[in-house]
Amino acid sequence: METALIKQSHTDRWLEQGYYLALQFSEGWVCFKITGREPSKLRPYSLGAVAAGGNIVAGWNTIQGPNNVYFLQPRSQNFIYHHFWGVTPSAARIYTQFPSQKDIGSLLASTRNISLADGDVGYLDGNDSPYAGPFNPATELFCVYEKYPAFQALNPTGDAITNVKLVFDTMKYTFKVLTNQAMISDLLKGPRRVRKYTMGPIDPSPTAIPKWLSDLVGTSLLDYAKKVMEEQP
Amino acid sequence: MSWKAEDIKTIYASVTNVDADIGTEVTRNMRRHILQIEAQNLFAGVNLLTLGKRENGAGATTTIDRFSFSLINDYLPKPDGPIEEDALPLYIIEGGGGTALTQSFLRAVCSAAGTIDLIVRYVDVPT
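Here the protein sequences line up with chains D and Y, keeping their order.
Sequential numbering of the first sequence, starting at 9, is according to this note's numbering.
Sequential numbering of the second sequence, starting at 4, is according to this note's numbering.
Quick caveat, the hints were computed from the structure, so don't treat them as lab data.
Idealized CB from N, CA, C, for every residue including glycine.
Mixed in with the good hints there might be a few duds.
As the list claims (entries may be wrong) - In silico BS3-like links for lysine-lysine, alpha-carbon gap of 30 Å or less: (1) 49(D) to 204(D); (2) 12(Y) to 204(D); (3) 12(Y) to 49(D); (4) 197(D) to 173(D); (5) 49(D) to 173(D); (6) 234(D) to 204(D); (7) 234(D) to 41(D); (8) 234(D) to 7(Y); (9) 81(Y) to 49(D); (10) 184(D) to 235(D).
What the hints assert, rightly or not - What the simulated footprint calls covered on chain Y by chain D, stretch by stretch (three residues with Cβ under 8 Å from a Cβ of chain D suffice, anywhere in the stretch; the number is not a length): (11) 8 to 21; (12) 68 to 79.
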């Protein structure tokens, strides 16, 4: 048996208390200081059966629990959720939208076609990110309130898959939004260690900031952070 | 490329003296690793099992192995026992590219008018 080699465990990418996180939205960057964390796990989450050469007939799955709750969305504005995922069986290809309706990993200008003939772009399968872990760093997702992903699966084999299952390893964070301009400049330009993460695809632009977070940060600070990043050296 | 125990699939086929597809199609850009076969002669006499493959088209079957049986109920496991964790495939069937249907299949035929029961364990891996 050959196994895929993932050189770094996804658990090395969890943020410690006191670490900084900068999230890029289309309006600018928002900087956070992590103040607390708590691990969690969703295993398994069943996407269900996928016919030979087919995809999930019901469409994109937003990973909902009882009462239509989105498992991967923070349950309130007070949390950031940090997810990684794996999939079984190995052949199942998983395509991600984050936030939903926004394709991650597309090489095409148009929306991806999740089919046997055209499904070779922008997926991770169970060889790339095995169910037993460690999970591929490319599965990393930072979710804030009102931003959650969606998943679709393709079965590239000639045999039906009875049950495509995902596992999500999650760290829940509490945070403080940073408002000090000098600190934000230091974080974004490099002197301080910070995890930078783009929310959604970069083409044509990252996703819009949720209104609650925009109200919390203020447009002037978003403009300032954007200017800091776009400044010529 | 990799495979795990949970990825192994099993097919059963009743092989006759008419050359036929065994199991499902190997889809585009996939590769079928045949890890183990079990065969049992159900014909009351000498019988010959011929395994073949037909890759990317409906052309002639290429023979990849042959097994002879002397008596009814002669049984052939290959390899004998459980599949080893680091087992190499016995045979590889390559799926074609470019189209959704590649017409790549494992094939089998037996020489006598009776049948041979065939069980194949395999895993499909991406290329």
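Status of each hint after checking the structure:
1. 49(D) to 204(D): Holds. Residue 49(D) to residue 204(D) sits at ~23 Å (cutoff 30 Å).
2. 12(Y) to 204(D): At roughly 42 Å apart (the allowed maximum being 30 Å), residue 204(D) and residue 12(Y) break the hint.
3. 12(Y) to 49(D): Roughly 29 Å separates the two Cα atoms, so the pair holds.
4. 197(D) to 173(D): violated (40 Å)
5. 49(D) to 173(D): holds (14 Å)
6. 234(D) to 204(D): The hint holds at about 13 Å.
7. 234(D) to 41(D): holds (18 Å)
8. 234(D) to 7(Y): violated (46 Å)
9. 81(Y) to 49(D): Distance ~41 Å between residue 81(Y) and residue 49(D) Cα, so the pair is violated.
10. 184(D) to 235(D): Roughly 22 Å between the alpha carbons, so the hint for residue 184(D) and residue 235(D) holds.
11. 8 to 21: holds (count 4)
12. 68 to 79: Contact hint for the region 68 to 79 of chain Y vs chain D: violated, 0 residues under 8 Å.
Comparing the model with each earlier hint shows violations of hints 2, 4, 8, 9 and 12; every other hint is respected.
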